[in-house]
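Visitor: Protein chains in written order, with our numbering: chain D, 60 to 204; chain X, 60 to 204; chain F, 60 to 204; chain A, 60 to 204.
Note that these hints are calculated values from the structure, not bench results.
Possibly wrong hints are sitting among the right ones.
[Claimed, not checked] Restraint ranges, calculated between C-beta atoms of paired labels, are given here:
id	chain 1	residue 1	chain 2	residue 2	range
1	A	D189	F	D116	50 to 60 Å
2	A	D88	D	E75	44 to 54 Å
3	A	D88	X	P113	25 to 35 Å
4	X	R71	D	R154	43 to 53 Å
5	D	P113	F	R79	15 to 25 Å
6	A	D189	F	A92	18 to 28 Å
7	F	S80	D	E114	53 to 63 Å
8	X	R157	A	V186	30 to 40 Å
9	X	D70	F	D88	20 to 30 Å
10	D	H115	F	H115	32 to 42 Å
11	A	S172	F	E114	54 to 64 Å
12	X	D160	F	H115	43 to 53 Å
13	F	D116	A	P104	47 to 57 Å
[As the list claims (entries may be wrong)] These stretches of chain F come out as covered by chain A in the derived footprint (C-beta under 8 Å, 3 or more residues):
id	segment
14	92-104
15	160-173
16	180-191
Each residue gets a CB set at the ideal place from its N, CA and C atoms; glycine is no exception.
There are 4 protein chains.
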Amino acid sequence: MPTRRAGAGMDRDDAEAILRSAPYHQFLDARFAAYEPGRVVVEVPFREELLVNPEHDIVHGGVLGALLDIAGHYSVLSEVGARVPTADLRVDYLRPARTADLRAEGQLVRRGSNLAVADAEVSQPDVGDDPVAIGRGSYGLSHVD
Amino acid sequence: MPTRRAGAGMDRDDAEAILRSAPYHQFLDARFAAYEPGRVVVEVPFREELLVNPEHDIVHGGVLGALLDIAGHYSVLSEVGARVPTADLRVDYLRPARTADLRAEGQLVRRGSNLAVADAEVSQPDVGDDPVAIGRGSYGLSHVD
Amino acid sequence: MPTRRAGAGMDRDDAEAILRSAPYHQFLDARFAAYEPGRVVVEVPFREELLVNPEHDIVHGGVLGALLDIAGHYSVLSEVGARVPTADLRVDYLRPARTADLRAEGQLVRRGSNLAVADAEVSQPDVGDDPVAIGRGSYGLSHVD
Amino acid sequence: MPTRRAGAGMDRDDAEAILRSAPYHQFLDARFAAYEPGRVVVEVPFREELLVNPEHDIVHGGVLGALLDIAGHYSVLSEVGARVPTADLRVDYLRPARTADLRAEGQLVRRGSNLAVADAEVSQPDVGDDPVAIGRGSYGLSHVD
Chain D
60 MPTRRAGAGM
70 DRDDAEAILR
80 SAPYHQFLDA
90 RFAAYEPGRV
100 VVEVPFREEL
110 LVNPEHDIVH
120 GGVLGALLDI
130 AGHYSVLSEV
140 GARVPTADLR
150 VDYLRPARTA
160 DLRAEGQLVR
170 RGSNLAVADA
180 EVSQPDVGDD
190 PVAIGRGSYG
200 LSHVD
Chain X
60 MPTRRAGAGM
70 DRDDAEAILR
80 SAPYHQFLDA
90 RFAAYEPGRV
100 VVEVPFREEL
110 LVNPEHDIVH
120 GGVLGALLDI
130 AGHYSVLSEV
140 GARVPTADLR
150 VDYLRPARTA
160 DLRAEGQLVR
170 RGSNLAVADA
180 EVSQPDVGDD
190 PVAIGRGSYG
200 LSHVD
Chain F
60 MPTRRAGAGM
70 DRDDAEAILR
80 SAPYHQFLDA
90 RFAAYEPGRV
100 VVEVPFREEL
110 LVNPEHDIVH
120 GGVLGALLDI
130 AGHYSVLSEV
140 GARVPTADLR
150 VDYLRPARTA
160 DLRAEGQLVR
170 RGSNLAVADA
180 EVSQPDVGDD
190 PVAIGRGSYG
200 LSHVD
Chain A
60 MPTRRAGAGM
70 DRDDAEAILR
80 SAPYHQFLDA
90 RFAAYEPGRV
100 VVEVPFREEL
110 LVNPEHDIVH
120 GGVLGALLDI
130 AGHYSVLSEV
140 GARVPTADLR
150 VDYLRPARTA
160 DLRAEGQLVR
170 RGSNLAVADA
180 EVSQPDVGDD
190 PVAIGRGSYG
200 LSHVD
């Protein structure tokens, strides 16, 4: 069980242990490519199972939404030092995601007394610089002691 | 290739063929439990791979978000008769989803000239009646001819 | 100063005093048409100053968003018994609002430990039954003692 | 009636004429402080009528939401060259807005075929640099000819 230091952020090894313990993250093969207080990058290699439309090679929007949620979540956790359940999330789909690896960056926007706000974007560096989807989420801080 | 009848809705067999053709839907094992113009129910059996936290048996929020997106999407498609890309989606997480089958209901709210709005909710009938997550999405109608 | 009974809801007179004390509500001339725990109706008479487009007689979307926020807010306050700051709000504009009185109904969806979720819709009874805008907001509960 | 040059953006004088023609904008006394294709700044002087809570000197969230909508809207219009109705908007309230002038900046994020996405933030330069509210909206492009 990782040590939690409320208010002091969580170090990368502890966060990685939580990230990798989730069966759904194992399905995605999600890993940190960067991790610092208030900002994380999560990478997911492309796989056939992520597609919504095999004819047109488009990644499922639900996968992109999950990556935005994960990146936002860990950007908060890295600063707050405890699990922070997602309260709500908005996702905007900007362009189709293709058969290439996915990179999700999360950034803490605001840490309030009982809620934090984080922004996230998913891009495909092998395809281009423009994000394919952007998200903004609210994360509950009630379980921080 | 399913026949598309723009403006006339899509029949269940054609929609089911599209639903089942998606590799990510096959991973989820998503199936229609109800299908009518403007309203669909999608069911997903519980599986270990859907969990975010195996210690506390909580389903990953990204999976719930995907189900809301799918249910909203097909509630529009069933009325509009063509694929309708998700423009944006808001998800509110109301309570943890447990180790039980998932049921997502989507309902068309408004069909405009270039955008449709749909509401969706995910519940777990074996656990209780209250939804675990609710969502609202905007779906583009530009590709309808 | 109205009495606050945390956890026990706030009665209509106290809520009305708070509603009417806000200068912006006085500008809107907002009043309760219904008030019960978890559900309120707020009415705003039509006025020229609410228009965005005087040529086409369309009410400003910012006014509709404010009404959704107000209705959602008081649906939470009526149940929780204290002011509950809006954390975030999504508004969907379904059709233009015309030169007619506005009616906003708010409904508490879920009261959590540090956050409540409420739905709201604005309609114009003199024009038709369909809502012109719908909203969903998250309201912080941290200041409830 | 301002000339509309679809696809070519709208010049500042034409946009200002539309901005100033709205009775609700006149109530707010909203003016452009900056205007270029894809990015605008709108300023609103503080007035008593904008308050929600005169005891604590807090500006009404509905006013902030309206400013986010306006700034996002004109950032799209400045690039697209025609009125672009707001389809949906999410607002996140980050901190209370005080008795000081308001500055809303809008930025076009993505112009699609039938929808544009814009980000906006409201700040109070006389109080501090941090935004008091941030928003993200989808704007319909169907009426562009």
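Visitor: A separate judgement is required for each hint: does it hold in the structure or not?
Guide: So, going through the hints one by one against the coordinates:
1. A:D189 x F:D116: 50 to 60 Å: violated, 39 Å
2. A:D88 x D:E75: 44 to 54 Å: Given about 52 Å between the Cβ atoms, the range holds.
3. A:D88 x X:P113: 25 to 35 Å: violated, 57 Å
4. X:R71 x D:R154: 43 to 53 Å: Check failed, 30 Å falls outside 43 to 53 Å.
5. D:P113 x F:R79: 15 to 25 Å: violated, 59 Å
6. A:D189 x F:A92: 18 to 28 Å: Cβ of D189 of chain A to Cβ of A92 of chain F: about 38 Å, so the range 18 to 28 Å is violated.
7. F:S80 x D:E114: 53 to 63 Å: This hint holds: roughly 60 Å between Cβ atoms.
8. X:R157 x A:V186: 30 to 40 Å: Since R157 of chain X and V186 of chain A have Cβ atoms about 45 Å apart, the given range 30 to 40 Å is violated.
9. X:D70 x F:D88: 20 to 30 Å: Because 50 Å falls outside the window, the suggested range is violated.
10. D:H115 x F:H115: 32 to 42 Å: For H115 of chain D and H115 of chain F the Cβ distance comes to about 40 Å; the hint holds.
11. A:S172 x F:E114: 54 to 64 Å: violated, 28 Å
12. X:D160 x F:H115: 43 to 53 Å: holds, 49 Å
13. F:D116 x A:P104: 47 to 57 Å: violated, 27 Å
14. 92-104: Result for this restraint: violated, n = 0.
15. 160-173: violated (count 0)
16. 180-191: violated (count 0)
Hints 1, 3, 4, 5, 6, 8, 9, 11, 13, 14, 15, 16 from the list above are not met by this structure, while the remaining hints are.
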